[in-house]
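K.L.:
Spelled out, the chains give:
Protein chains: 2
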Amino acid sequence: MTQGRRWILAARPQGLPARSDFRLQRFTVAEPATGEVAVRVAYHTVAPGVLPKLSGETYTAMVQIGDVIPGNGVGVIEASCHPDLRIGDRVAGELAWATHVVVRPESIQRLEPATFGADVPMESAVGTLGGAGLAAYFGLLRIGQAKPGQTVLVSSASGAVGSVVGQLARIRGCRVIGIAGSAHKCTDLVNSLGFDAAIDYKTHSDLAAAIRAQAPEGVDIYFDNVGGEISDAALLNMKLFGRVVVCGQTSEYQRVVPRGLLGMKQVITRRLTLQGFVVHDFAGEFEAARRELAGWMRAGLLLHRPTIVDGIEHAVDAFVKQFEAGGGGRPLVRVG
Amino acid sequence: MTQGRRWILAARPQGLPARSDFRLQRFTVAEPATGEVAVRVAYHTVAPGVLPKLSGETYTAMVQIGDVIPGNGVGVIEASCHPDLRIGDRVAGELAWATHVVVRPESIQRLEPATFGADVPMESAVGTLGGAGLAAYFGLLRIGQAKPGQTVLVSSASGAVGSVVGQLARIRGCRVIGIAGSAHKCTDLVNSLGFDAAIDYKTHSDLAAAIRAQAPEGVDIYFDNVGGEISDAALLNMKLFGRVVVCGQTSEYQRVVPRGLLGMKQVITRRLTLQGFVVHDFAGEFEAARRELAGWMRAGLLLHRPTIVDGIEHAVDAFVKQFEAGGGGRPLVRVG
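Chains as they are written, first to last, in this note's numbering: chain A, 10 to 345; chain B, 10 to 345.
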């Protein structure tokens with residue numbers, strides 16, 4: 010009988026999560042039932058988005074006391090009672106903060122061996138080749154319809170989605186300007202990710218003017234991850250017939266009363282198209298998109314730079330730190 | 010020498026316009042210079058939108074004291090010094106509150122004899138076949154991409170644009186719901202213009218629920234003339250992948266601080282497309298659109314119902330009344 014370790018919910022977080030809300034538990038890995046597979050987890054995320062499920066603020070997929078904490082991850086199949094998945098297959102999808110997990114195949118996807126290899130590690134399936142990378146891909150290329158020579162502006166440019174948007178815009182032959190929240194992030198966008206310019210919105214009292222200085226002829230595509238004031242500053246710089254890709258509205262999620270978009274008159278006078286999307290709408294094309302993204306990674310045009318935390322015993326620490334001041338990037342736990 | 014009458018600006022309106030701000034003047038009609046034409050005005054509008062030009066609140070095309078008041082209209086050419094326009098041609102465009110006006114052809118369009126006739130009076134060129142009708146046509150059919158069987162919601166449905174949008178939606182085979190500001194208007198939309206339903210927004214504390222009651226399966230196309238609270242209520246009723254035609258934001262124009270659109274999260278979760286437009290972008294297709302609209306008028310499918318005011322001497326009275334409580338519809342002055 011294989012022995013594993015997993016994090017379970019010990020107490021519901023009150024407000025911000027505490028380390029004492031979690032407990033690392035040893036357990037005996039169950040055999041998969043018919044239709045199920047057993048996965049040895051290689052990497053798992055500790056995304057902040059799981060918090061409402063732990064604190065009981067959401068009714069959908071709420072985690073009960075004693076339950077294992079859910080999280081996306083990648084792993085290898087160790088036992089299979091499903092005809093389409095074999096021992097040794099690498100998979101990505103909804104796994105858990107655990108060394109081993111038994112799941113149904115609906116919640117995971119098999120990783121194509123041709124896509125993942127030496128230059129495209131399997132853990133990129135929950136990063137640049139995962140939901141964030143796919144949102145950047147379909148958002149910029151399908152919803153935004155980016156064309157060579159266009160000027161692309163992206164908010165939350167250092168984030169998981171934004172950093173890929175900027176790199177894809179460069180690959181597509183666009184000029185790209187990022188908006189981020191620190192001088193350090195802005196330097197990284199330009200020096201490491203190839204952005205043409207980056208604007209630290211925290212140091213500009215007139216963000217619209219700061220954008221204008223970097224895009225005096227206007228913006229063709231604004232990739233919107235945040236909404237609010239930053240989006241209104243972007244609208245004031247759009248070219249006629251420009252496109253706004255509405256991918257996220259993170260500035261709204263914490264508000265009790267939404268602020269929204271004030272500049273609706275710009276939508277008329279500048280003949281703008283604003284389009285929202287959810288990456289899952291493109292699920293049928295994920296494999297083809299991953300192949301193209303993997304090709305760019307192999308060619309060195311698209312960087313995958315996860316913050317790796319080594320050892321499942323550090324998962325909760327990595328989770329909690331994201332809610333603290335200066336929490337930094339999104340960690341990926343190497344179960345090891 | 011032909012004698013005419015025209016309204017000139019006697020004093021700048023302070024806030025709302027007063028009858029004493031205008032003076033009806035007799036004048037001798039000038040001969041057109043090379044490239045100009047003299048037009049005998051048959052009908053002219055007294056649109057409220059001219060007020061900022063009179064009160065000096067706008068720097069573009071400001072009317073000076075002693076100047077004739079500008080306004081769209083239709084008329085017949087009485088003298089021409091332009092090779093493309095002949096005596097007897099009917100024209101529509103930027104004329105004036107006057108019996109006669111000398112203009113350059115750039116500001117007017119010749120009315121095709123094949124389009125206008127017994128069932129399609131020339132004055133419809135500044136109504137159903139004018140800017141408002143064309144905005145409804147291109148907004149609903151091009152920007153909205155209306156298809157048979159869809160549900161269309163239109164705000165300011167009794168207005169010049171909205172009333173045509175509703176009728177075109179019915180012609181296109183859509184179900185159409187209007188939002189208007191009085192019980193009388195709502196009755197008229199359903200009984201005279203063929204709307205499937207109409208909602209008086211002033212009598213509903215929960216407008217989103219009122220829309221839901223009329224469109225329980227959701228709205229495919231929202232034709233937005235007003236913005237603000239009404240648009241947010243509409244967003245809460247959009248179907249997945251619905252389209253919002255952003256034609257006007259009248260609720261914003263009077264505000265010092267814009268309110269904007271609060272429900273940007275709906276744009277993502279419902280995968281909405283919001284698109285702004287200006288009718289002039291379609292100028293190259295106006296003639297073809299007018300022919301199609303005229304065909305529907307002849308077939309009795311599209312009503313042209315201007316509020317006619319007889320006699321140029323009543324123009325100022327008709328203008329001022331629109332700013333008073335219960336001002337009613339948009340009048341058209343028959344110069345007579």
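Any given hint might turn out to be false.
Pairs count within a copy or across copies, as identical chains cannot be separated in the list.
Here are the simulated lysine to aspartate or glutamate pairs, EDC-like style, with alpha carbons at most 16 Å apart [stated by the list, open to error]:
(1) K330 to D30
(2) K156 to E294
(3) K211 to E294
(4) K62 to E103
(5) K194 to D209
(6) K62 to D319
(7) K62 to D76
(8) K156 to E87
(9) K248 to D215
(10) K211 to E238
(11) K248 to D197
(12) K194 to D205
(13) K274 to E261
(14) K330 to D93
(15) K248 to D290
(16) K156 to E40
(17) K211 to E66
(18) K211 to D128
(19) K62 to E296
(20) K248 to E226
(21) K62 to D30
(22) K248 to E103
(23) K211 to D93
Everything labelled a hint here was simulated from the structure, so no lab data went into it.
Nothing here was measured: the structure is a model prediction, and the numbers come from that model.
K.L.:
Evaluate each hint against the coordinates.
P.N.:
How the hints compare with the structure:
no. : hint         : result
1   : K330 to D30  : within (14 Å within a copy, 69 Å between copies)
2   : K156 to E294 : neither (20 Å within a copy, 27 Å between copies)
3   : K211 to E294 : neither (38 Å within a copy, 47 Å between copies)
4   : K62 to E103  : within (14 Å within a copy, 62 Å between copies)
5   : K194 to D209 : within (8 Å within a copy, 51 Å between copies)
6   : K62 to D319  : neither (25 Å within a copy, 69 Å between copies)
7   : K62 to D76   : within (11 Å within a copy, 69 Å between copies)
8   : K156 to E87  : neither (44 Å within a copy, 52 Å between copies)
9   : K248 to D215 : neither (19 Å within a copy, 37 Å between copies)
10  : K211 to E238 : within (12 Å within a copy, 31 Å between copies)
11  : K248 to D197 : neither (27 Å within a copy, 41 Å between copies)
12  : K194 to D205 : within (14 Å within a copy, 55 Å between copies)
13  : K274 to E261 : between (20 Å within a copy, 8 Å between copies)
14  : K330 to D93  : neither (39 Å within a copy, 76 Å between copies)
15  : K248 to D290 : between (28 Å within a copy, 15 Å between copies)
16  : K156 to E40  : neither (51 Å within a copy, 53 Å between copies)
17  : K211 to E66  : neither (31 Å within a copy, 35 Å between copies)
18  : K211 to D128 : neither (36 Å within a copy, 63 Å between copies)
19  : K62 to E296  : neither (29 Å within a copy, 59 Å between copies)
20  : K248 to E226 : within (8 Å within a copy, 36 Å between copies)
21  : K62 to D30   : within (13 Å within a copy, 66 Å between copies)
22  : K248 to E103 : neither (41 Å within a copy, 28 Å between copies)
23  : K211 to D93  : neither (50 Å within a copy, 59 Å between copies)
Of the hints listed earlier, those the structure fails to meet are numbers 2, 3, 6, 8, 9, 11, 14, 16, 17, 18, 19, 22 and 23, in rising order.
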